[in-house]
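Going down the list, the sequences are from chains A and B.
Those letters in the first sequence? Residues 1 to 557, by our numbering.
Those letters in the second sequence? Residues 558 to 882, by our numbering.
If you are wondering where the hints come from, they were derived from the structure by calculation, not from laboratory data.
Hints may be right or wrong, so weigh each one.
Calculated Cβ distances over 10 Å to all of chain B for the following chain A residues [to be verified]:
id	residue
1	LYS88
2	PHE96
3	ARG348
4	ASP414
Not everything, but these chain B residues come out facing chain A in the computed CB check (under 7 Å) [to be verified]:
id	residue
5	ILE603
6	SER605
7	SER610
8	ASN658
9	PRO660
The C-beta atom is built at its ideal place from N, Cα and C for all residues, glycine as well.
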Amino acid sequence: MRKHDVLVIGAGLAGQRAALAAAQAGRSVGILTKLHPLRSHSGAAQGGINAAVGAQDSVETHIYDTVKGSDYLGDQDAIEFFCTEAPKIVVEMEHFGTIFSRAEDGSLAARPFGGAGFPRTIYAADRTGLALLQALYEHLGSVDVTVYEEWDLVDLVLRGSRVQGVVAYHRRTGELDGFSAPAVVFATGPFGRMYSRTTNSHSSTGDGVAVAYRAGAWLKDMEFVQFHPTALIEDGILITEGARGEGGILKNGRGERFMSKYAPHVHELASRDVVSRAIYTEVLEGRGFPGGYVHLELMHLGKEKIESRLQEICDFCRNFAGIDPVTEPIPIMPGQHYMMGGISTNLRGETNIAGLYAAGEAACVSIHGANRLGGNSLLETLVFGKQAGIAAAAFAPTVPGAEVLPEDVRAAKDRIEGMKRRTEGPTPLPLRAELQKIMEEDVGIYRTAEELTRALGRLAELKVKSRDLRIPDPSHVFNLNVTDALETLHLIDLAEVVVAGALARTESRGAHARRDYPKRDDANWMKHTIASYRPEGPQLSYAPVAYTRWEPKERVY
Amino acid sequence: MPTGELLTIPFDVYRYDPADGSTPRYARYTLELAPHTPVLTALLRIRSEIDPSLALRYSCRSAICGSCAMLVNSKSRLACQTQVGPEFAEHGRIVIDPMSNQPVIRDLVVDQSPFWKEYERIVPHLILDPMHPMPEGRPTSMSPAQVARFEETPRCIACGSCYSACPAVAADPAFPGPMALAKLYRFVVDPRDTASQDRLMRIQPGGLWTCLRCHLCTSSCPKDVRPSERIRDLKEMAIAAQGATERGSRHAVGFKDNIAERGLLNESKLVRQTDGIVGMIGQIPQGLRMLRRKPEILRAPHAIEGQDEVQRIYELLEDAGEDGT
Numbered sequence: 001m002r003k004h005d006v007l008v009i010g011a012g013l014a015g016q017r018a019a020l021a022a023a024q025a026g027r028s029v030g031i032l033t034k035l036h037p038l039r040s041h042s043g044a045a046q047g048g049i050n051a052a053v054g055a056q057d058s059v060e061t062h063i064y065d066t067v068k069g070s071d072y073l074g075d076q077d078a079i080e081f082f083c084t085e086a087p088k089i090v091v092e093m094e095h096f097g098t099i100f101s102r103a104e105d106g107s108l109a110a111r112p113f114g115g116a117g118f119p120r121t122i123y124a125a126d127r128t129g130l131a132l133l134q135a136l137y138e139h140l141g142s143v144d145v146t147v148y149e150e151w152d153l154v155d156l157v158l159r160g161s162r163v164q165g166v167v168a169y170h171r172r173t174g175e176l177d178g179f180s181a182p183a184v185v186f187a188t189g190p191f192g193r194m195y196s197r198t199t200n201s202h203s204s205t206g207d208g209v210a211v212a213y214r215a216g217a218w219l220k221d222m223e224f225v226q227f228h229p230t231a232l233i234e235d236g237i238l239i240t241e242g243a244r245g246e247g248g249i250l251k252n253g254r255g256e257r258f259m260s261k262y263a264p265h266v267h268e269l270a271s272r273d274v275v276s277r278a279i280y281t282e283v284l285e286g287r288g289f290p291g292g293y294v295h296l297e298l299m300h301l302g303k304e305k306i307e308s309r310l311q312e313i314c315d316f317c318r319n320f321a322g323i324d325p326v327t328e329p330i331p332i333m334p335g336q337h338y339m340m341g342g343i344s345t346n347l348r349g350e351t352n353i354a355g356l357y358a359a360g361e362a363a364c365v366s367i368h369g370a371n372r373l374g375g376n377s378l379l380e381t382l383v384f385g386k387q388a389g390i391a392a393a394a395f396a397p398t399v400p401g402a403e404v405l406p407e408d409v410r411a412a413k414d415r416i417e418g419m420k421r422r423t424e425g426p427t428p429l430p431l432r433a434e435l436q437k438i439m440e441e442d443v444g445i446y447r448t449a450e451e452l453t454r455a456l457g458r459l460a461e462l463k464v465k466s467r468d469l470r471i472p473d474p475s476h477v478f479n480l481n482v483t484d485a486l487e488t489l490h491l492i493d494l495a496e497v498v499v500a501g502a503l504a505r506t507e508s509r510g511a512h513a514r515r516d517y518p519k520r521d522d523a524n525w526m527k528h529t530i531a532s533y534r535p536e537g538p539q540l541s542y543a544p545v546a547y548t549r550w551e552p553k554e555r556v557y
Numbered sequence: 558m559p560t561g562e563l564l565t566i567p568f569d570v571y572r573y574d575p576a577d578g579s580t581p582r583y584a585r586y587t588l589e590l591a592p593h594t595p596v597l598t599a600l601l602r603i604r605s606e607i608d609p610s611l612a613l614r615y616s617c618r619s620a621i622c623g624s625c626a627m628l629v630n631s632k633s634r635l636a637c638q639t640q641v642g643p644e645f646a647e648h649g650r651i652v653i654d655p656m657s658n659q660p661v662i663r664d665l666v667v668d669q670s671p672f673w674k675e676y677e678r679i680v681p682h683l684i685l686d687p688m689h690p691m692p693e694g695r696p697t698s699m700s701p702a703q704v705a706r707f708e709e710t711p712r713c714i715a716c717g718s719c720y721s722a723c724p725a726v727a728a729d730p731a732f733p734g735p736m737a738l739a740k741l742y743r744f745v746v747d748p749r750d751t752a753s754q755d756r757l758m759r760i761q762p763g764g765l766w767t768c769l770r771c772h773l774c775t776s777s778c779p780k781d782v783r784p785s786e787r788i789r790d791l792k793e794m795a796i797a798a799q800g801a802t803e804r805g806s807r808h809a810v811g812f813k814d815n816i817a818e819r820g821l822l823n824e825s826k827l828v829r830q831t832d833g834i835v836g837m838i839g840q841i842p843q844g845l846r847m848l849r850r851k852p853e854i855l856r857a858p859h860a861i862e863g864q865d866e867v868q869r870i871y872e873l874l875e876d877a878g879e880d881g882t
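Same shape as in the complex, but just chain B (with noise of 0.2 Å):
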C-alpha cells in the first residue's frame, strides 16, 4: 500500500455565487494530505469538512465521467486525475479556477453549452445512404487495420479541458474548438459513414484551419486523445479530396512548396498564393510596415546552404507511407 508522510497543502479555490450577490474571490483551505491524493478527493473534503457550499461537478472519480474538468494551477485538467503532491511541489501551493472559455454558473461549475453545441453541430452520428444499407443481422466487416484509424477516438469522455485550453476558441467563437474536430475525424474515417467527403467540406470554411497548431489542447487533454494531430489529419484529408481551395490551405500548401524551393519563406510568395493578386492589396499597408524594418524582404529570395538535404526530407517524406514509416 503506498504511503508516506502527509504534506500541509493550501488551496486557494474560486468562489462565486450569483445568488448572494457577492464579487468572485479565492478562498483558502488548508488540508494535510498524502502526495497521491487526488485534487478531487482534496475538493471533496473540503466539502465534507470545511465548506459543504462549494460546487462542482463530479461523478466516477476515475477519469471516465469527464465531468470534474477545471483548472488546476492554471492547467486544464480532470481533478480527479491529478495528483496533489507534484502540484504542490512545483507551485508550494494548489490553486483551483474553473474552466476557461465558458461562462461560470457559480465556484468551478460552468455553462459548458457552448462547448456541446460545437459538438452537436459536427452531426456526430453514423450518415448512412438509404442506397447501401447495414448488412442485415449481422455486424459490418471490418479489419483490425481500418479499427486500427480511429479505435483510440472513443477515449474521449467530453470533459471540455481542450475547449478550455484553446486560444483559437478565445479569439474566434466560430471555430468548432479541439474535441468537436477530434470527434468529426471518428465519422470521417469510419468506413460506415457515407457523407465523409461532405464532412470535410463543410467544416473548411472558418471552421478547420482557424486552428493555430498550438497543441495545447493535445497536452491539457487527460485521455490522450491529440486532437491536434486529428485536426492535422483532417487538414490533410480536406486537401487531398479537394485540394488548396481554402485561404488556410493555401497558406499551408504555399508555405510547403516555399521551403521546397529554397529552404526559407518568400513573404510576398506566400501571401500571393494565399490570399491571389487581388488579395494582397489589402495586405500592402502590412507589406510597407515590414519593408521598413526589414528591407531585405524585397530582395529575390535565394536558396539557402543545403537546400538539397531539404529536398532530400521532403522525397522521402513523398516515399513514406501515411503512417510515416
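Okay, chain A solo, but in the shape it has when bound (with noise of 0.2 Å):
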C-alpha cells in the first residue's frame, strides 16, 4: 500500500497543478496516472490561453464574454474569480518557463478567439497545451512530487462519509494496490469517447467522473456537451478555432459563406454552438457536399502565413486526411470535443464528498455553463487545478489515518478476475462502439425528445448486456483489456447521465439544443443540473446559478 497525504489522479494540467500546490504546501503528494504525464490530453490543445493582459482589454470584459457565453448558466461569482485570477496565473507559467509568443514590444503576444470582444489568447504558435504542459512538468521537477505512471484507477474508497484513497491497477504487471490519502483530487479529464467522432484522446474516458459518482458525488449540467465545428471528417482529428481567428472562412457545397446568415456581426468568430449548429444546418438541408460535410478555407491566408502561424493544423491535414490546406480546403465537420458537466464542485474544487476535490474538465464549476469559449478550459485546469491542490492540502493534516485496506483491493480484483474468467459475452471494444453509435445517433448537436427516450432506452439494454463484460485476455502484462473494460463501464454510466439530463432539460441554451424546445428558458430552466448515482439510473436535481451582476440577455453574435 502507499500512501501520501495528497493524491491526485491524472496528471495533465489541472492534475500537475493541483500537485504542485499541494506539494508547496508541504504535503506528501502522490499522482497517479493511466499514461504518461507528458502524453496526457492537455498537450492537445491547440489555441490558446485566454487572460487580460492587454492594455485595451480587461478583467470585466473577460468576465462578461465568459458569462454571455454560459449562455447565463456559468455561477458569476465563480467567473470573477476565474477571469480575476488569469493574469496571474498565465504570469506564473511564464515564470515556470513556457514559452509563449511575444508581440514585438517583447510582451505576450494574443490573438482573437471566437466569442471575445478583444484579443485575448495567449498563445504558443498552435501548440499551447503542449507549451504549457511541458512547462509545468518540468517545473514540478523542483518539488517532491511522486509519480505513478500506467495505473488505471479502479476505486475510491470511502469509509462512512470518510475518503481513504483509491484502488488502482498497473499495467505493467497487472498488480491491484490501495494508494491511502484522506485528500483526493480527480483531474481525470474528460469522457469525450462516448461519441465517436470527437476530438478526444482515446484515453478520454471520464475514469475520475465515473468513480466518483458510484461513489456519490455529484455530477452537474452533464448534458452539455460542446461540437467543436471544426473537426477532420477523417477520425474527428481537431483544426484549432485559431484557424478561423488567423482569418479562416467556412464555405457550403455552392461555395457560399453561410456564416454570414447565422452571425452577420462576426461570422466565422461566433461562439462554438452557434458555428457547430450552423454547418450541421447547411448539411442537414442539402447545402454541404457530397457526403455530409462543409470545407475550411485557408488557401487565401498565404503559405507564410500558414505554415507559420498554423503548422500544426498543416502537418495534420497533410498526414491525416492527405490535404494541403495551403492549395485546397479542409473538409471538416462538427465532433464532440469538451463536456462542460462534471464532478460538481465549488471555486475551491470541493465536492459534496469531504475530502474529495476535482478540477479541470472533469470538474463543473461551473465556468462554462451550457457553453464553454475557446481558450477558457486550459485556463480553468490551471486555476482550478491550483485551487484543489490547495484546499486538498489544507484538508489533509485535519483527518489523519486514512487508509485503504486489503478487502478493498480484493473487492476489485475480484471483480477484474471475474471478467477474466468468463467465457462468454461480449468483449469491450464492441461494446463500446456500440455506446458510440447510440450517442452519434440519438444524442448529437439537435436533440428531441425521441431520440433521447430511445436512447435512455438502448442505453439499458448496453447495460444489461455489459454485466456480462468479459476480458478476452488472460495476461497480467500490459492487458490493454481490463483498461478498455474499466473505460467502456465508465463510459456507459456517464452516457446516462448525458441524456437523462438532456432529456429532462426542456428547453434550448448554448450547446443543448432540443427541436422540440428551441427556446432558452430561464423561468423554468435558469438550473444547474445535478446527477446522483442510483444503481437503476440516475437521480436528477436541481440546484440554483449563482448570480452577481449580470442579467441574462439574448445571445446574439
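Reconstruct the complex from the two isolated chains, following the hints.
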C-alpha cells in the first residue's frame, strides 16, 4: 500500500497544478496517471489560454464574455474569480518556463478567439497546451512529488463518509494496489469517447467522473456537450479555432460563406455552439458537399502565414487527411469536443464528499455553463487545479489515519478476475462501439424527446449486456483489455447521465439544442442539473445558478 | 472527401508476452485499407476485430501525445502519423516492431525508463539565480528574435523515436541521446535560465561529443525537432564558451584547421591535436596498421589544388552571421 497526504488522479494540467500547489504547501503528494504525464490530453490543446493582459482589454470584459458565452448558466461568482486569476496564472506559467509567442515589444502575444471582445488568447504557436504541459511538468520536477505511471483508477474508497484513498490497476504488472490518502483530487479529464467523432484522445473516458459518481459524488450539467465546429471528417481530429482566428473562412457546397447568415457581425468567430449548429444546418438542409460536410478555407491567407502561424494544422491535414491547406480547402464537420459537465465542485474544488476534490474538465464549477469559450479550458485547468491543490493540502492534516484496506483491493480484484474468467459475453471494444453509435445517432448537436427516449432505452439494454462483460486476454502484463473494460463501463454510466439530463431539460441553451424546445426558458431552466447515482439510473435534482451582476440577455453574435 | 480503392495489406506484427512463456514471433494479420489509413488505425482494427490481446501504447491519434512510436518497416515512426499506402507500395507488406534501444515489456510496448532517465539527468527545468528573481507580477520581456532561437523546441513530444534510432545510444549507454540533448539546448538558450554555462560544462564529458553526426535522429523525428542540429549548436556553444577542452572538441577543431591549412586531413597531426603527444602513444598500433596499408601518410602533406577556394569558403563562413546569412 502506498500512502500520501494528497493523492492526485490524472497528470494533465489540472492534476499537475494541483500536485504542485499541494507540494508547495508541504504535503506528501502522489500523482497517479494511466499514461505518462507528458502524454496527457492537455497537450493536444492548440489555440491558447485567455487572460486579459492587453492594454485595451479588461478583466471585466473577460467576465462578461464568459457569462454571455455560458448562456447565463455559468456561476457568476466563480467566473469573476476565474477571470481575475487569469493574468496571474499566465504570468506564473511564464515564470515556470513556458515559451509563449511574443509581440514586437517583448510582451505576450494575444490572438482573437471566438466569443471574445478583444484579442485575449495568449498562445505558443498552435501548440499552447503542449508548451504549458511541458513547462509545468518540468517545473514540477523541482519539487517533491511521486509520479505513478500507467495506473488505471478502479475505485474510490470511502469509509462512512470519509475518503480513504483509491484502488488502482498497474498496466505493466497487472497488480491491483491501494493508495491511501485523506484528500484525493480527481483531474482525469473528459469523457468524449462516448462519441465516435470526437476530438478527444482515446484515453478520454471519464474514469474519475464515473468512479466519483458511483461513490456518491454529484455530477453537474452533464447534458451540455460541446461540439467543435471544425473536426477533420477523417477520425475527428481537431482543427483549432485559431484557424478561424487567423482569418480562415467556412464555405458550403455551393461555395457560399454561409456564416454571414447565422452571425452577421462576427461570421466565423461566433461562439462554438452557433458555428457548429450553422454547419450542421447547412448539411442537413442539403447545402453540404456530397457525403455531408463543409469546407474550411485557409488558402487566401498565403503559404507563409499558414505555415508559420498554423503549423500543426498543416501537419494534421497533410498527415491524417492527405490534404494541403495551402492549396486545398479542408473538409470538416463538427465533432464532440468538450464536456461542460463533470463532478460538481465549488470554486475551491470541493465536492459534496469531504476529502474528494475535482478540477479541470473532469469537474464542473461551473465556469462554462451551457457553452465553453475557446481559450477558457486551459485556463480552467490551471486556475482550479491550483485551488483544488490548495484546498486538499489544507484538508489533509485535519483527518489523519486514512487507509485503503486489503479487502478494498480484494473487492476490485474479484471484479476484474471475474471478467477474465468469463468465457461468454461481449468484449469491451465492440461494446464501446455500440455505445458510440447510440450517442452519435440519438444524442447529437440537435436533440428531441423522441431520440433521447430511444437513447435511454438503448443504453438500458447496453447496461444489461455489460453485466456479462468479458476480458478476452488472460495475461497480467500490459493487458489493455482490462483498461478497455474499466473505461467502457465508465462511459456507459456517464452516457446515461448525459441523456437523462438532456431529456429532462426542455429548453435550448448553449450547446444543448432541443428541436422540440428551441427557446431558452429562463423562467424554468435557469438552474444546474445535479445527478446522483442509483443502480437503476441517475436521480436528477436542480441547484440555483449564482448571480452577481449580469442579467440574462439573448445571446447574439 | 479523399477516397480511393482499398488495398489488401499484410501486417507482420512482433508479438511477445513474458507471461505466457513463449518466445517472440511475428503474427500475420491481413486488412483491407484505404491508402491514407494511419498504421495506428490498422493496429486498432486488429485489436477490435481480430486479436484484442495485441499490446501497444496509443492515446491522441494525432501525433501530439507521443505514445505510439514503434518501428514501421524498420524505421522509428509514430504509428498514427504513418500512412499504410506508401509503406505497402515500398515494401509489399508492413512489418511492425517495438522501438529499439529499450527493453520490450510486451508486444509493441517498451520500457522507456532509460530514455526518461536521460531526460531527467539534464535537469529539465529553469535554474534561477536567487539574486535575480523573475519580474514581480508580470511576464519576462523577450523579443520575438530571442524567442525565435527556441520557440520551436516545444514541438518535441518525447515519443522516443530519436532515442530508438540513435546508434550512439546503442553503442554507449552513457550517451544522453538526441531528445535529452535537444531539451538541454532549450534550457541553454533560454534567457531566463541562469545556468547555461554550467549546463554546457557538465554535459561535455561523455555527453555531447559521442554524437556521430549521422542525423538519424533528425530523419526519424516525427515533429521536425532536428535534434542533430541542436547538438551541433550545443557543440559550437561549448567550444565558444570554454575552448576546445574535450577530446571530441579538440578533434573537431583540429579537423577544421587541417582543412583550412591544406584542404585535406593530416592524420598524424589530427591525432596529435586530439589526443596530445602522450595520447598519441596509445594510437601507435593503429598508426602502424595504417602505415602498412597506406604508406603515403608519412609523406609531408601538401596543399590540394584549389586550396585558395577552400580558404575563401572559410573566410565567407567567418564573415557570415550566426544564422548563416
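Evaluation of the provided hints:
1. Consistency note on LYS88 (chain A): stated as away from chain B, yet its beta-carbon is not over 10 Å from all of that chain's, at 8 Å minimum.
2. Remark: the non-interface label on PHE96 (chain A) conflicts with the geometry, its nearest Cβ contact in chain B lying 7 Å away (cut-off 10 Å).
3. Even its closest Cβ contact with chain B, about 23 Å, leaves ARG348 (chain A) beyond 10 Å, as expected for a residue assigned away from the interface.
4. A cut-off of 10 Å between C-beta atoms confirms that ASP414 (chain A) is not in contact with chain B; the least separation is 20 Å.
5. Hint status for ILE603 (chain B): violated, given a least beta-carbon distance of 11 Å to chain A, over 7 Å.
6. Proximity of SER605 (chain B) to chain A holds as hinted, the smallest CB-CB distance being about 4 Å (cut-off 7 Å).
7. Taking 7 Å as the C-beta cut-off, the interface hint given for SER610 (chain B) holds, the closest approach to chain A being about 4 Å.
8. Checking ASN658 (chain B) against chain A by beta carbon gives a least distance of about 17 Å; that is not within 7 Å, so the hint is violated.
9. Evaluation of the PRO660 (chain B) hint against chain A yields a violated restraint, the C-beta minimum of about 12 Å exceeding 7 Å.
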